[in-house]
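*Asks:* These protein sequence lines map, in sequence, to chains A and B.
The first sequence begins at 230 in the working numbering and counts up one residue at a time.
The second sequence begins at 12 in the working numbering and counts up one residue at a time.
Don't read these hints as lab results, they were simulated from the structure.
Predicted, not measured: the structure shown is a model, and the values here were computed from it.
Just to be clear, a hint being listed does not mean it is correct.
Restraint-style ranges between C-beta atoms, simulated for each label pair [what the hints assert, rightly or not]:
#, chain 1, residue 1, chain 2, residue 2, range
1, B, Y82, A, M345, 38 to 44 Å
2, A, D395, B, K14, 25 to 31 Å
3, B, G81, A, S422, 20 to 26 Å
4, B, G164, A, V302, 48 to 54 Å
5, A, N396, B, P142, 30 to 36 Å
6, B, I190, A, A417, 17 to 23 Å
7, B, N78, A, A319, 24 to 30 Å
8, A, V241, B, L80, 54 to 60 Å
9, A, A319, B, E100, 50 to 56 Å
10, B, T140, A, D293, 28 to 34 Å
Just so it is clear, CB atoms sit at the ideal spot from N, CA and C, and this is done for glycine as well.
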Amino acid sequence: MNTLQNFSKGLVRENPVLVLVLGTCPTLATSTSIVNALGMGAAATVVLLCSNVVISALRKVIPDKVRIPCYIVLIAGFVTMVQMLVKAFAPALDAALGIYLPLIVVNCIILGRAEMFANKNKIFDSAVDALGMGAGFTLALSLMALIREVFGNGTFFGMPVPVLSDNHMSILTMAPGGFFVFGLLIAAVNKFSAHKPKKKNFGCTDCPSASVCPQACGSGEEEAHD
Amino acid sequence: MTKLIIILLSAVFINNYVLSRFLGICPFLGVSKKLDSATGMSLAVIFVMLMATAATWPIQTYLLDPNGLGYLQTIVFILVIAALVQLVEIVLKRYMPSLHKSLGVYLPLITTNCAVLGVTILNIDEGYTFPEAMVNSLGSGLGFFLAMVMFSGVRSVLEASDVPKSFRGLPITLTAAAIVSLSFLGFGGVIENLFA
Numbered sequence: 230m231n232t233l234q235n236f237s238k239g240l241v242r243e244n245p246v247l248v249l250v251l252g253t254c255p256t257l258a259t260s261t262s263i264v265n266a267l268g269m270g271a272a273a274t275v276v277l278l279c280s281n282v283v284i285s286a287l288r289k290v291i292p293d294k295v296r297i298p299c300y301i302v303l304i305a306g307f308v309t310m311v312q313m314l315v316k317a318f319a320p321a322l323d324a325a326l327g328i329y330l331p332l333i334v335v336n337c338i339i340l341g342r343a344e345m346f347a348n349k350n351k352i353f354d355s356a357v358d359a360l361g362m363g364a365g366f367t368l369a370l371s372l373m374a375l376i377r378e379v380f381g382n383g384t385f386f387g388m389p390v391p392v393l394s395d396n397h398m399s400i401l402t403m404a405p406g407g408f409f410v411f412g413l414l415i416a417a418v419n420k421f422s423a424h425k426p427k428k429k430n431f432g433c434t435d436c437p438s439a440s441v442c443p444q445a446c447g448s449g450e451e452e453a454h455d
Numbered sequence: 012m013t014k015l016i017i018i019l020l021s022a023v024f025i026n027n028y029v030l031s032r033f034l035g036i037c038p039f040l041g042v043s044k045k046l047d048s049a050t051g052m053s054l055a056v057i058f059v060m061l062m063a064t065a066a067t068w069p070i071q072t073y074l075l076d077p078n079g080l081g082y083l084q085t086i087v088f089i090l091v092i093a094a095l096v097q098l099v100e101i102v103l104k105r106y107m108p109s110l111h112k113s114l115g116v117y118l119p120l121i122t123t124n125c126a127v128l129g130v131t132i133l134n135i136d137e138g139y140t141f142p143e144a145m146v147n148s149l150g151s152g153l154g155f156f157l158a159m160v161m162f163s164g165v166r167s168v169l170e171a172s173d174v175p176k177s178f179r180g181l182p183i184t185l186t187a188a189a190i191v192s193l194s195f196l197g198f199g200g201v202i203e204n205l206f207a
């Protein structure tokens, strides 16, 4: 796999949000406006890049048995750094993202990439993978935010959109709208990727931590859907 | 006392963790297919939320804040929760094997559940006292339970229905979640006025 393919797989073919369905919580919560979505995407990308690079560099040092706690500590450290930087330089973004900024720690995308990619690949490849996945996350988030902000609030980057600003559907910026727009987007992805074999099915077995909790995949297991 | 009741009710209905704060969406979508697994998962979440709050609130108030280490919150809390979940699992396995049998399978999943980390951080952010924090955690857990149990009912109906091809699986589930979440919007403003 060359570098370009490695980067672009995160954007479309293995988009972390729309295809792998990871990191749903921040996607739903921070996609109410485009600025928030870009901020969340950038914060998560920085954490992902740092954690992928460091985990890849330490992949021969970290003992296999305690790798998950090690990854979590590393990720939490980077999240704290990003949190402090955002607090210092973009206090408005910090207020808008609120609780979801520290919760990047438990974002499945980051632990998932560490487990699936960074601990098996070289530093450079891991960095490219992180950038691709981060860009894919930001792209999906911005797409959702675009729909929710333009139709729900009648604005685009805070500027009023003609016609829509007088006739906006506020429900889209509220919680139900988040679920609804996300459902529509995934349906659209299913529609247009119908001819390709599906890479991943949503469910317990595909959870990035499935390997550490094999017993958890009993009753909660999803059957494959298309 | 009134304040505690308001905190409890608003955590269950208005600021429902799953349906209005979007925390714990993964288990909500992944484990809500059957009623018994939804119940087991929610009970484990309530249990861990209470334990985690009981552990992290004193750590933040008596250890981190007086020493100017507040910025370590994220890293300390996630480690405490991870250690706690392991500990709870070991204790349950040894002393309460029957409870371990019903809740145990869900425990490892909870470490990376953002609802648990979320509730511990929110308790600090909101400036709750210890009893208030515990009540808020209980309410959040009960809200999670309510959402899971309600939604597993919705999903069992969805199973039998004929869904357009591209909506099968996750999209129709999310659309149904949107409708369930819509019903919870109706609670807004009710609880404040209940005690006014």
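*Asks:* Determine for every hint whether it applies to the structure shown.
*Replies:* Hints, verified against the model:
1. B/Y82 and A/M345 have their C-beta atoms about 30 Å apart, which leaves the hinted 38 to 44 Å range violated.
2. Between A/D395 and B/K14 the C-beta distance comes to about 41 Å, which lies outside the given range of 25 to 31 Å.
3. The given range of 20 to 26 Å is broken by B/G81 and A/S422, whose C-beta atoms sit roughly 46 Å from each other.
4. The supplied range of 48 to 54 Å is broken by B/G164 and A/V302, whose beta-carbon atoms lie about 40 Å from each other.
5. Here the CB-CB span from A/N396 to B/P142 is close to 47 Å, at odds with the stated 30 to 36 Å.
6. B/I190 and A/A417 have their C-beta atoms about 19 Å apart, which keeps the hinted 17 to 23 Å range intact.
7. B/N78 and A/A319 have their C-beta atoms about 27 Å apart, which keeps the hinted 24 to 30 Å range intact.
8. Under the hint 54 to 60 Å, the C-beta atoms of A/V241 and B/L80, about 43 Å apart, miss the expected range.
9. Restraint check, A/A319 to B/E100: a C-beta distance of roughly 40 Å breaks the suggested window 50 to 56 Å.
10. The hinted window of 28 to 34 Å between B/T140 and A/D293 is violated, with their beta carbons roughly 43 Å apart.
Hints 1, 2, 3, 4, 5, 8, 9, 10 from the earlier list are contradicted by this structure; the remaining hints agree with it.
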